[in-house]
Amino acid sequence: MRTLKFLLRKEFRQIFRDKAIVALIFFMPCIQLIIMPLAADYEVRNVNLAVVDHDKSSYSQKLISKVIASGYFRLQGYNASFKEAFALIESDKADLILEIPQDFERNLIREDKQKLFVAVNAINGTKANLGGSYLGTIIAAFNADIRLQLIQQPRFSAFPVIDIVANNWFNPVLNYKVFIVPGILAILVTMVGGFLTALNIVKEKEVGTIEQINVTPIKKHIFILGKLIPFWVLANIIFTIGLLLARLIYGITPVGSLFTLYIFISVYLLTVLGFGLLVSTFCDTQQQAMFIMFFFMMIFILLGGLFTSIDSMPQWAKLLTRLNPVRYMIEVMRMVILKGSSLKDVLPQLGVVSLMAVILNGWAILNYKKTN
Amino acid sequence: MVSEEKVIVCDKLTKRFGDFIATNEITFEVNKGEIFGFLGANGAGKTTAMRMLCGLSSPTSGNATIAGFDVYRQTEDIKRNIGYMSQKFSLYENLTVLENIEFFGGIYGLSDQQLKTKTAELVDRLGLKSEAKKLVGSLPLGWKQKLSFSVAVLHEPKIVFLDEPTGGVDPVTRRQFWDMIYEAAERGITVFVTTHYMDEAEYCNRISIMVDGKMEVLDTPANLKNTFNVGSMDEVFYQLARGAKRAD
Numbered sequence: 001m002r003t004l005k006f007l008l009r010k011e012f013r014q015i016f017r018d019k020a021i022v023a024l025i026f027f028m029p030c031i032q033l034i035i036m037p038l039a040a041d042y043e044v045r046n047v048n049l050a051v052v053d054h055d056k057s058s059y060s061q062k063l064i065s066k067v068i069a070s071g072y073f074r075l076q077g078y079n080a081s082f083k084e085a086f087a088l089i090e091s092d093k094a095d096l097i098l099e100i101p102q103d104f105e106r107n108l109i110r111e112d113k114q115k116l117f118v119a120v121n122a123i124n125g126t127k128a129n130l131g132g133s134y135l136g137t138i139i140a141a142f143n144a145d146i147r148l149q150l151i152q153q154p155r156f157s158a159f160p161v162i163d164i165v166a167n168n169w170f171n172p173v174l175n176y177k178v179f180i181v182p183g184i185l186a187i188l189v190t191m192v193g194g195f196l197t198a199l200n201i202v203k204e205k206e207v208g209t210i211e212q213i214n215v216t217p218i219k220k221h222i223f224i225l226g227k228l229i230p231f232w233v234l235a236n237i238i239f240t241i242g243l244l245l246a247r248l249i250y251g252i253t254p255v256g257s258l259f260t261l262y263i264f265i266s267v268y269l270l271t272v273l274g275f276g277l278l279v280s281t282f283c284d285t286q287q288q289a290m291f292i293m294f295f296f297m298m299i300f301i302l303l304g305g306l307f308t309s310i311d312s313m314p315q316w317a318k319l320l321t322r323l324n325p326v327r328y329m330i331e332v333m334r335m336v337i338l339k340g341s342s343l344k345d346v347l348p349q350l351g352v353v354s355l356m357a358v359i360l361n362g363w364a365i366l367n368y369k370k371t372n
Numbered sequence: 001m002v003s004e005e006k007v008i009v010c011d012k013l014t015k016r017f018g019d020f021i022a023t024n025e026i027t028f029e030v031n032k033g034e035i036f037g038f039l040g041a042n043g044a045g046k047t048t049a050m051r052m053l054c055g056l057s058s059p060t061s062g063n064a065t066i067a068g069f070d071v072y073r074q075t076e077d078i079k080r081n082i083g084y085m086s087q088k089f090s091l092y093e094n095l096t097v098l099e100n101i102e103f104f105g106g107i108y109g110l111s112d113q114q115l116k117t118k119t120a121e122l123v124d125r126l127g128l129k130s131e132a133k134k135l136v137g138s139l140p141l142g143w144k145q146k147l148s149f150s151v152a153v154l155h156e157p158k159i160v161f162l163d164e165p166t167g168g169v170d171p172v173t174r175r176q177f178w179d180m181i182y183e184a185a186e187r188g189i190t191v192f193v194t195t196h197y198m199d200e201a202e203y204c205n206r207i208s209i210m211v212d213g214k215m216e217v218l219d220t221p222a223n224l225k226n227t228f229n230v231g232s233m234d235e236v237f238y239q240l241a242r243g244a245k246r247a248d
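Listed in order, the protein sequences are those of chains E and L. Just so you know, we're using the working numbering here: the first sequence kicks off at 1 and counts up by one. Just so you know, we're using the working numbering here: the second sequence kicks off at 1 and counts up by one.
No wet-lab data here; the hints were simulated from the structure. Each hint should be verified, as a subset may be incorrect.
Stated by the list, open to error - Among chain E residues calculated to face chain L with C-beta under 8 angstroms, some are:
| id | residue |
| --- | --- |
| 1 | 3 |
| 2 | 10 |
| 3 | 13 |
| 4 | 17 |
| 5 | 26 |
| 6 | 211 |
| 7 | 215 |
| 8 | 221 |
| 9 | 321 |
| 10 | 324 |
| 11 | 367 |
Remember, predicted model here, so these are calculated numbers, not experimental data. Glycine residues also receive a C-beta, built at the ideal position from the N, C-alpha and C atoms.
Isolated chain E, as found in the complex (with noise of 0.2 angstroms):
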């Protein structure tokens, strides 16, 4: 225990003497949790539309200033041909050419039909995809409204109608922000608490201190010890600062209780630092164990279900992201900050990552060795 002391004092001593290296660690999750959430939205708008009418008659009229009118999209092009409309597609200046036939309004009028037709342009698959949807949503409503007007409405309604209200729990207006803000700060966490600590242990062993250590009797398990404990503190500090920031900057406050929120915190940073412990114990430079990391973290943060949705994964990355505690974290970051979810809803991920945090902290205590 005495021995904890001695080590705990010098490791924080040395992180604050850095003083770069502190002004990183608290400032670059601040900004990254300012500029992310503003700048990163799902969202898709300004799809850039070209659209060629050969009409040219009060419905194609209208029907264009539904489409940009609804904000979705900004018109690059009102072309004469198709072929010059492409033009823009080819140089990237437009996502979609929207064709509208002559004769529209005659044929909608008189034979009550009428075929438009869209092209996308799918090198940027999301935005295609998005505004190609909303496009044809714009035009069936558009088609609705026509008919409102033109059709005498019978009694019952030709066509069988069953309109849809969805009621979005725990997130009423959909905000993307509450949505991404705790999976964000999740991650930051991580990426910090896990970097630090892999670059750590290698780096005594670049600059040779570590020598010094092994030839000591100190025990292995008090060595990692007394590197874990410090960045489990300065971890806690970050995570601390970006829930404070969170309610300031986005109104987030936690629907469940903060007491469940840093049970599971305490319990997943173990797991996080002791995978960098755990790199470290491995590697010989610190550029290796960068590496790796980066190797790590780019697959926890892709399949942790921050940016894209595990359901949706097949089968196999489903199994994969069982590993990922930072799937983990992000499920229950939103379960106890959005749905207010308690300690006995998150135990099954608790659990997981307790078995982890022992298993990855036993194998760096077993993976360092004092005598080679």
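Place chain L on chain E using the hints.
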């Protein structure tokens, strides 16, 4: 004060790295309080042998006991009883002189009271009073080495292992360094030291010279000069090391 008690007993100690035999069946004993010079050309296997004796590296074969503890099974007991100063400076450069002393003293289990008196003594002895709160990284090499040594013997170990402690250090500081070694030996600490300076070899009670992983000779400096019928340790070393096949 050299006594009859054996603190290092080595019997055919060997370390292989694949096909390469770094240390080949070295056998020797060192008495308590002795200053034992461990000489050899670069790559002769000195550091490997020393790392085995410190419990940092497991031997491939052979036996050795350090302060009565076995190098295979009791490495942590060995570590409690030795001090070690590696070839590469390995105190924390981003901690101050005082912080380094406190840390290593604390790790070796010194009490607060012991730490306090030891630190004061040490700072005084090294003349580092005005530098005590400076980062170790900013000290000149000579001071760093003296500090390293002082930290290595802070917990009054039975044996202290010094791996080229005076490499790159000026002659005056080297002299002071050897004064410190003598003081430690006076207190009964056995000193096991490697060096490339033959004048330093003369300061040792006994010296051994390693060539290509084997211990070729082991005797007092005076006896060695007689045996080889030469006037200086330089010549003894030269005659032996000339035959070495390994180079850097």
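Consistency of the hints with the structure:
Taking 8 angstroms as the C-beta contact cut-off toward chain L, the hint placing residue 3(E) at the interface holds, the least distance being around 6 angstroms. Evaluation of the residue 10(E) hint against chain L yields a held restraint, the C-beta minimum of about 5 angstroms falling below 8 angstroms. With a least beta-carbon distance of about 6 angstroms to chain L, the hint placing residue 13(E) at the interface is held under the 8 angstroms criterion. Because the closest C-beta pair between residue 17(E) and chain L is about 5 angstroms apart, less than 8 angstroms, the hint holds.
Taking 8 angstroms as the C-beta cut-off, the interface hint given for residue 26(E) is violated, the closest approach to chain L being about 19 angstroms. Given the 8 angstroms rule on beta carbons, the hint for residue 211(E) holds: about 5 angstroms separates it from the nearest Cβ of chain L. With 8 angstroms as the threshold, the beta carbon of residue 215(E) comes within range of chain L, its nearest partner Cβ sitting at about 4 angstroms, so the hint holds. At its closest, the beta carbon of residue 221(E) sits 13 angstroms from a beta carbon of chain L; the interface hint therefore is violated under the 8 angstroms criterion.
Interface hint at residue 321(E): violated, since its Cβ lies 40 angstroms from the closest Cβ of chain L, which is beyond the 8 angstroms cut-off. Hint status for residue 324(E): violated, given a least beta-carbon distance of 35 angstroms to chain L, over 8 angstroms. A least Cβ separation of about 16 angstroms between residue 367(E) and chain L goes past the 8 angstroms threshold, and the interface hint is therefore violated.
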